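Student: Each chain, written out:
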Amino acid sequence: MSVLPLTAQFARGLSAPICLTWELTYACNLSCVHCLSSSGRRDPRELSTAQCQAVIDELERMQVFYVNIGGGEPTVRPDFWELVDYAVSRRVGVKFSTNGVKITPAAARRLTGTDYIDVQISLDGATEEVNDAVRGTGSYQTALAAMSHLAQAGFRGFKLSVVVTRQNVGQLDEFAALARRYDAQLRLTRLRPAGRGASVWHELHPTAQQQRQLYDWLVLHGENVLTGDSFFHLSGFGQALPGLNMCGAGRVVCLIDPVGDVYACPFAIHENFLAGNVRDDGGFARVWRESELFGSLRQPQSAGACTSCSAFDACGGGCMAAKFFTGLPLDGPDPECVRGHGEAALAQVDASPPVPSPDHSRRSRPVPVTIARRRPPDRACDQSPLAEFGSGAG
Amino acid sequence: MAFDLDQPWCLDGRVALRPEPFGALLYHFGTRRLSFLKEPLLLAVVQRLAEHPSARLACEAAGVSAQAMPTYERALGTLANSEMIRVRDERDLVR
Numbered sequence: 135m136s137v138l139p140l141t142a143q144f145a146r147g148l149s150a151p152i153c154l155t156w157e158l159t160y161a162c163n164l165s166c167v168h169c170l171s172s173s174g175r176r177d178p179r180e181l182s183t184a185q186c187q188a189v190i191d192e193l194e195r196m197q198v199f200y201v202n203i204g205g206g207e208p209t210v211r212p213d214f215w216e217l218v219d220y221a222v223s224r225r226v227g228v229k230f231s232t233n234g235v236k237i238t239p240a241a242a243r244r245l246t247g248t249d250y251i252d253v254q255i256s257l258d259g260a261t262e263e264v265n266d267a268v269r270g271t272g273s274y275q276t277a278l279a280a281m282s283h284l285a286q287a288g289f290r291g292f293k294l295s296v297v298v299t300r301q302n303v304g305q306l307d308e309f310a311a312l313a314r315r316y317d318a319q320l321r322l323t324r325l326r327p328a329g330r331g332a333s334v335w336h337e338l339h340p341t342a343q344q345q346r347q348l349y350d351w352l353v354l355h356g357e358n359v360l361t362g363d364s365f366f367h368l369s370g371f372g373q374a375l376p377g378l379n380m381c382g383a384g385r386v387v388c389l390i391d392p393v394g395d396v397y398a399c400p401f402a403i404h405e406n407f408l409a410g411n412v413r414d415d416g417g418f419a420r421v422w423r424e425s426e427l428f429g430s431l432r433q434p435q436s437a438g439a440c441t442s443c444s445a446f447d448a449c450g451g452g453c454m455a456a457k458f459f460t461g462l463p464l465d466g467p468d469p470e471c472v473r474g475h476g477e478a479a480l481a482q483v484d485a486s487p488p489v490p491s492p493d494h495s496r497r498s499r500p501v502p503v504t505i506a507r508r509r510p511p512d513r514a515c516d517q518s519p520l521a522e523f524g525s526g527a528g
Numbered sequence: 007m008a009f010d011l012d013q014p015w016c017l018d019g020r021v022a023l024r025p026e027p028f029g030a031l032l033y034h035f036g037t038r039r040l041s042f043l044k045e046p047l048l049l050a051v052v053q054r055l056a057e058h059p060s061a062r063l064a065c066e067a068a069g070v071s072a073q074a075m076p077t078y079e080r081a082l083g084t085l086a087n088s089e090m091i092r093v094r095d096e097r098d099l100v101r
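Listed in order, the protein sequences are those of chains B and V.
Counting the first sequence from 1 gives a position; this note's numbering is that position plus 134.
Counting the second sequence from 1 gives a position; this note's numbering is that position plus 6.
Because the hints were derived from the structure by calculation, they are not lab data.
Hints are not guaranteed to be accurate.
Stated by the list, open to error - Listed below are several chain V residues computed to face chain B (Cβ distance under 10 Å; list not exhaustive): (1) Cys16; (2) Leu23; (3) Pro25; (4) Gly29; (5) Tyr33; (6) Phe35; (7) Gly36; (8) Phe42; (9) Leu63; (10) Arg92; (11) Val93.
Unchecked claim - Okay, the calculated bits of chain B under chain V, using three or more residues with CB under 8 Å as the criterion: (12) 149-160; (13) 194-207; (14) 247-256.
All values reported here derive from a predicted model rather than from experimental measurement.
We put the CB at the ideal spot given by N, CA and C, even for glycine.
Build out the structure end to end from the sequences listed, making use of the hints.
Tutor: Encoded structure:
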């Protein structure tokens with residue numbers, strides 16, 4: 135019935151984002167080695183309670199269905215619960231990602247019973263050893279305690295959110311079993327070389343063989359597992375995975391960071407992808423609708439070196455942020471291209487890749503470049519770039 | 007289950023609808039599923055559902071032709087299966 139396929143319509147941009155990520159603070163009790171937002175210390179310029187409420191008012195006017203709240207660890211903001219209540223009262227749904235540190239039995243009861251709140255507990259290993267190596271000592275127990283509190287409070291279908299790495303890709307069945315045990319839903323997302331993740335990506339991202347294994351697992355179990363459409367680069371293997379299979383940056387997705395800066399995607403915290411600030415005249419709506427950067431992202435993009443590849447229609451050239459932070463051209467192959475073009479291209483990168491900015495890592499704990507067994511406490515942030523899609527009508 | 011065009015239908019109370027240039031986006035806060043209406047005429051139908059005694063009359067009021075009716079019946083069936091729309095009942099009379 136429509137002239138253009140839906141993905142082509144979406145690529146031209148929408149009146150408001152489908153999936154808006156809002157990192158409320160750069161403060162975090164953990165310091166995960168792969169944190170996408172290089173979080174740790176609060177930024178003194180972070181939005182005040184009143185400024186956050188003004189953003190929520192604007193989201194209500196724009197009819198943004200829900201926000202994906204992350205950080206940092208959003209629940210360490212003293213006004214976190216107040217802001218959640220405020221959003222719900224404006225019928226703006228809240229999905230928030232947490233390492234579980236503040237999910238006490240009382241908090242879990244408070245979260246249960248409204249359709250407008252969803253919780254994602256981050257866990258990056260199905261065993262304590264694998265998880266704590268990247269997220270920090272004690273983080274596994276914290277997450278499991280939070281999941282237990284949610285399950286006991288009767289919160290059905292909260293999300294167990296896992297960033298797939300070389301170290302945990304062999305535990306997918308265990309993650310699924312863990313989710314079932316707590317009446318949660320498993321959500322798997324892709325590791326991007328964003329934030330501190332850029333410095334550990336080469337050691338943590340799944341190998342080519344593991345990517346195939348992941349793809350096969352998703353084809354088999356995809357119906358019950360959420361992915362935030364983040365593995366669309368794997369569709370180049372053949373059968374497309376559920377979802378839109380497109381890069382949504384600045385088109386259906388964007389990020390508001392703790393100081394109000396608006397970036398094209400949660401994995402692209404760099405001045406090249408900075409579109410404006412919610413405190414500018416016209417607020418967030420104007421940044422979304424009129425920024426030059428988003429306007430250019432909504433124009434047809436060059437497929438560059440991928441033009442002649444038979445998999446291009448399936449993978450669309452992959453993830454913009456993954457290319458950018460590994461030093462690859464934006465019109466080149468994804469660094470994890472399933473045809474192997476990414477590896478070849480990476481071998482030819484001679485200049486240093488761009489460095490993610492800004493960095494709010496704790497100064498006292500310099501970010502390690504190698505994965506060690508005993509690691510300071512950490513926190514992974516794993517926002518979905520796209521909403522979970524149901525079937526379309528019409 | 008086949009869609010019954012002659013029943014009275016409405017948008018589920020837990021669904022938010024946002025018009026877009028291509029049609030509309032729908033989000034169901036209960037199932038947490040997102041869906042979309044791929045064209046403006048379908049949006050016009052959905053927006054009229056609650057005002058008419060049947061989905062068929064809502065389609066006609068929106069300007070759906072007799073030939074196109076089966077297409078809209080299917081589209082509404084998809085929305086009903088995903089709980090985006092529901093049959094109106096006595097709950098709706100006491101408002």
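Student: For each hint, tell me whether it holds in the structure or not.
Tutor: Evaluation of the provided hints:
no.: 1; hint: Cys16; result: violated (15 Å)
no.: 2; hint: Leu23; result: holds (8 Å)
no.: 3; hint: Pro25; result: holds (8 Å)
no.: 4; hint: Gly29; result: holds (7 Å)
no.: 5; hint: Tyr33; result: holds (4 Å)
no.: 6; hint: Phe35; result: holds (4 Å)
no.: 7; hint: Gly36; result: holds (5 Å)
no.: 8; hint: Phe42; result: holds (5 Å)
no.: 9; hint: Leu63; result: violated (19 Å)
no.: 10; hint: Arg92; result: violated (14 Å)
no.: 11; hint: Val93; result: violated (17 Å)
no.: 12; hint: 149-160; result: holds (count 3)
no.: 13; hint: 194-207; result: holds (count 3)
no.: 14; hint: 247-256; result: holds (count 3)
Checked against the numbered hints given earlier, this structure breaks hints 1, 9, 10 and 11; the rest are met.
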